[in-house]
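K.L.:
This is what each chain is made of:
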Amino acid sequence: METARPPASASALAAFFVVLAALTALGFAAISWLPVVASEHGPGVDRTIVYILVVTGVLFLVGHAVLAGFVWRYSRGGTPEYRPLSPKVEWSWALLPVLALTVASEVGVLVIGGPAWSQIYGETPAGALEIEVVGKQFEWLVRYPGKDGRFGRTAAELVHDVRNPVGLDKKDPAASDDVVLRGALHLPEGRPVVVRLRSLDVLHSFAIPELRVKQDIVPGHLGRTQFRPVRAGSYELACAELCGLGHYRMSGKVVVEPAPEFERWLREQAGWFE
Amino acid sequence: MTIRSSTLGTPVLGLVLLALGCGGCGGKTSVPGGGPETSGGGSAEAPKAGAKVWDPALGTAGVRGTVKLAGKAPKRRPIDMNREPRCHEAHGGKALDESVIVNEDGTLRNAFVWVKKGLESWSFPMPSDPAVVTQTNCVYIPHVQGVRAGQTISIRNGDPCLHNIHAYAKRNTEFNFGQPGGSAEATRTFDRPEVMAMLKCDVHGWMSAYIGVVAHPYFAVTADGGRFELPKLPPGDYTVEAWHEVYGSQARDVRVGDRETREVEFQFEEK
Amino acid sequence: MNGNGATLATRPAPLGLLGVLATVGMLFAAFTAAYLVRRTAADWRPVALPAIAWANVAVLVSSGAAVEAARRTGRGPWLLAGLGLGVAFLGGQLLAWRDLAGRGVFLATGPHGSFLYVLSAVHGAHVLAGLGALAYAGARPAALGTASAFWHFVGGIWLYVLVVVSVL
Amino acid sequence: MIESSGHEGGHEAPRGFLRRYVFSTDHKVIGIQYFLTAVVMALVATVLAMLIRVQLAWPEKAVVAPETYVSLVTMHGTLMVFFVVSLALVSGFGNFLIPLHVGARDMAYPFLNMLSFWVIVPGCVLMLASFLVEGGAAAAGWTAYPPLSALGKAVPGSGLGQTLWLLAMALFIASFTMGGLNYVTTIVNCRTRGMSMMRLPLVVWTFLISAVLGLLSFPALTAAAILLLLDRHAGTSFYLPAGLVFGNETLPHQGGTPLLFQHLFWFLGHPEVYVLVLPALGIGFEVIAAFARRPPFGYRLSVYSILVIAVLSMIVWGHHMFVSGMNPYLGKYFSIVTVLITVPFSVLGLNLIASLWRGRIRLDAAMLFALGLVSAIGIGGLGGLYLGTATSDLYFHDSYFVVGHFHFTIGTVTFFGIYAGTYYWFPKMFGRRMDEGLGRVHFWLTVTSLFPMFLLMHYQGLGGLLRRTYDPTVYAYNAAARGLNLSITLLAFGLGAGQIVFLVNLFRSMFAGERTGENPWQATTLEWTTESPAPHGNWRREVPSAHRSPYEYGRNGGAEDFVLQSAEKA
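Chains as they are written, first to last, in the numbering used here: chain A, 1 to 274; chain B, 1001 to 1271; chain C, 2001 to 2168; chain D, 3001 to 3570.
Next up, chain A with everything else stripped away, as it sits in the complex:
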């Protein structure tokens, strides 16, 4: 029954799998589309991505090579045989993927990815600048504590989109010098930053691709995220959680500048009630 050549359809399918695998591998050259890294923990995130890319790339290529090879080789007829495996053979065969995948995947989580995860969610470094970002449909409001270095009291009842967007309490002396900006975030280069995250309405997600930062903002909870910008430049702040019809438009600007320039800029900002 065995014929020398596989039917055209088998060759085509095998070729398809080979081309698919090759193109997929090539396509991951899109790794160069990862935005430039501008935060301290960013390279840890990228390292995790690259690690998984290599591991899955190898598995994917080998798997598809075998798949294509089998399709090509075993489509020429021949005599199949009925040979179920004994449980022992099955189990020993299973060891290979079980061990390989367990090790490969947990190394990614614990060894490669773990340190960056701890950096993001660990202890707040000393000397961190604390700022507040308030998400609302469909704007980012940014608050700096002002000259007294303290955030004033806010209340939802005081929020007025035009006259008091974050709901500062005028009666609190710490509030009057708080600086409130629409959609613009200024950060000092090299200094750790802690961001208090609040939402006034629905879920939003505070995402700055270049800083490898993404943190959902849950209304009713005071969220937080921390990072250290290490590269001066102008970046974009995006909302990464569907928040309504204007979600796609909920963008903001992030300016990372050398610390002295940042300090000068901050001094020039008038408090909301000044």
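Hints in this document: simulated from the structure, not taken from any laboratory. Backbone N, C-alpha and C define an ideal beta-carbon position, used for all residues, glycine too. Any given hint could turn out to be false.
Stated by the list, open to error - Calculated Cβ distances over 10 angstroms to all of chain C for the following chain D residues:
#1 3115
#2 3152
#3 3269
#4 3357
#5 3363
#6 3489
#7 3510
#8 3522
#9 3549
#10 3560
#11 3569
Claimed, not checked - If you anchor each label on the Cβ, the simulated ranges turn out as follows:
#12 B:1092 with A:106: 53 to 63 angstroms
#13 D:3247 with B:1093: 25 to 35 angstroms
#14 B:1251 with A:170: 24 to 34 angstroms
#15 A:260 with C:2033: 50 to 60 angstroms
#16 D:3198 with C:2142: 26 to 36 angstroms
#17 B:1265 with C:2102: 46 to 56 angstroms
#18 D:3487 with B:1093: 39 to 49 angstroms
Starting from the structure of chain A, add chains B, C and D where the hints point.
P.N.:
Using the frame of chain A, we list chains B, C and D on its own:
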């Protein structure tokens, strides 16, 4: 053409009903503010059926006056339009908050003055022209206006960017839709009298406008000099109210006879 | 059973019942999880359970006992008693709601009250289903085993719910 | 309670069109009804997808309105997951195959089975009707996270549209639960003589586990939906916290937490993926065995892997919430257990590939799709590692990488399972074959458009393109990634065209396909021992007993290279 849910639904449902072999069960598509209606009927403040039709051209009575602000005029806060660079430049970077605008003589702009009570037994012809709200350089124009209940409101976006028009109302149906730059004008209607309905753009938090929806044509918005004028009224007893977005509202009772124009002054206080 | 008897010929009812109990159990487990999460919020104010809630438990337990007696003896009056007590339980639950409302605790007044209403309503729906099953079993005694098991489960769930809402 | 009725004493087919084809209790009719309903819903969901792609390819034209766009993505996802794939794959094939495979004349509870179908029909109607109500269809994403889904002020679709969405989902859950009860009891209790659990075809195992997962996980969504409805309409505060501001006014809610909904939703949502993917894998095993003429590699291993997947799937839901503000230690736990799922999955994938080894492969359309499914599992499964690892998910979360990933798993794997199953079992459903040539055209059009299309979405994710964005040109950083949008849209058109070929083939073959006999594929499982289409009661003669493994392919060599499962041992 921009596809909206309301226009999308019909073919989708049609397709499905067809496929389910259930032809002929088409539902009526509800399009909010689909077209102008000819009366503000159906609400508590609307004139009763069989009300006399008043032709304002015959009116001889009138109310006019001034809206003033006592106390120091608050400084207008600059608006940070940086996130929309084109709007920012259009205002030369100096756009100002419009919520309190005081004229040099101490009178107040953008106060909405209307006849709150006294016209229930009359009905009035509906203007055929729509009221217009325009979004230009990230500001609503006009900031305050009055419309008739049931009058078509035409909403235009003169900017190249997205605005969404989110109407907040208590008595009327609220609406919320996006108008990306270059969109065709949209029309909506407030069917019931309501002072005031608010329009907001959620993309640009500084953008807000107020619309007073009234069952009759006797309303005005103060401008230079803080003056308002409600002419050509039928003679009678009225309650006239002035509303301001920051200072709230005040009402005055006034009786006007034939060929008479009464002067009414409102004074709000800045604390 | 299935046609010419070529199947394993085990009765599917016990397993089907187990499936129902598993899925109903998971429903109340999900509500419990929601309850535990929600009660950590700052606005949590415990609401005193209506006194009649405990009387209702007694009614439900006696209903279970009556149904059990019906199952063991196969006698109709027991089943009727069980059904009647089940209906009485539902009536008692309505009284409990009236008691809550009388104290100004409505569905949206506070979280604890909300859970009391939701849990008793969802449980009440299952009680209704159980009553339906018992009534069906009255007509077809073969189903009594399944129906009574479901009834006991529904009763047990209510005891569990009461413990959750009164102790936690 | 519910009595098992079956077909006591004889099995006369019901007479009259209504009883036979509309309100039928015959599992085969019900299965086909589910399948055809899914086809209708798939048409709608596909139209929505095309509108999404058109908007993304030409954002400057604003083809759809922004509020409509969010409704489109919401409804496309909801329809595809719950009303297309669940209906066709789990409810459709599950109903059709289970009794035939285990050797039963019908489901354990035929009436319940009919009820389950007639509960889903109003669900479908409500879901589609939501396009017609004021504000349009639900627009809070298929995940329906509050507060967006709870407040009409937040997005127009959260008005009546969201209420209809919730009611339709409640009907879906009710229907799915009834179906699941039937699957479990039928598989465990109604097997024919000799059909031990370890002689069940693998696809039956996947239906069993899928049903158990469904029964255990769907109640969480039921609870979540009840609480959401109350928050929407009764003023309660289960999910809504204090201090929500709309239009400068503070809402009266107090103390709720939106994260509660996310936990409840994903407690269902994650197992749901396996509820759908496992049966597709099961179909893959059946088809590959029949067309490679080999018993599937490692039967027991596959069964255990399926069980392990089921257990793991119940405890990993939090990986959808790595960036939600969940406790970071919890995040680490979820990450550790999540990536472990790749282990049993890789075992299944390798078993599928190894089943080809030393086979005699016939590349009919069914087999083509089964092999495509293997490839898609590879891409989807490995892509899961990027998202299951918390640190890399930080970057990929809510990006197009996620979109590409789940379109391979619950999109491609499931659809290829449905297609492979349709080509394979069509003769048993209608007594006719589907056209093989059109089948091949369908396959090649599909794979050449689908694979590049969803792969490109992965690359867009690498470039940081965020999902659910109406117009990505707002951002500058994603310029390279969004450049692929036009190509993806063109590929989507190709994919759509390929599916038209399938539909033509499907409906044409129902009436004009080549007639077939009992066992056109020379397959071994019990459904091939009865005529095609299978009669009411499944076998006119006695129900066959199982005497051997379901996969004795390649047994005798030569032309008759298989032994039916019902063949008695010599």
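K.L.:
Taking each numbered hint in turn, which are not upheld by the structure, reported in ascending numerical order?
P.N.:
none
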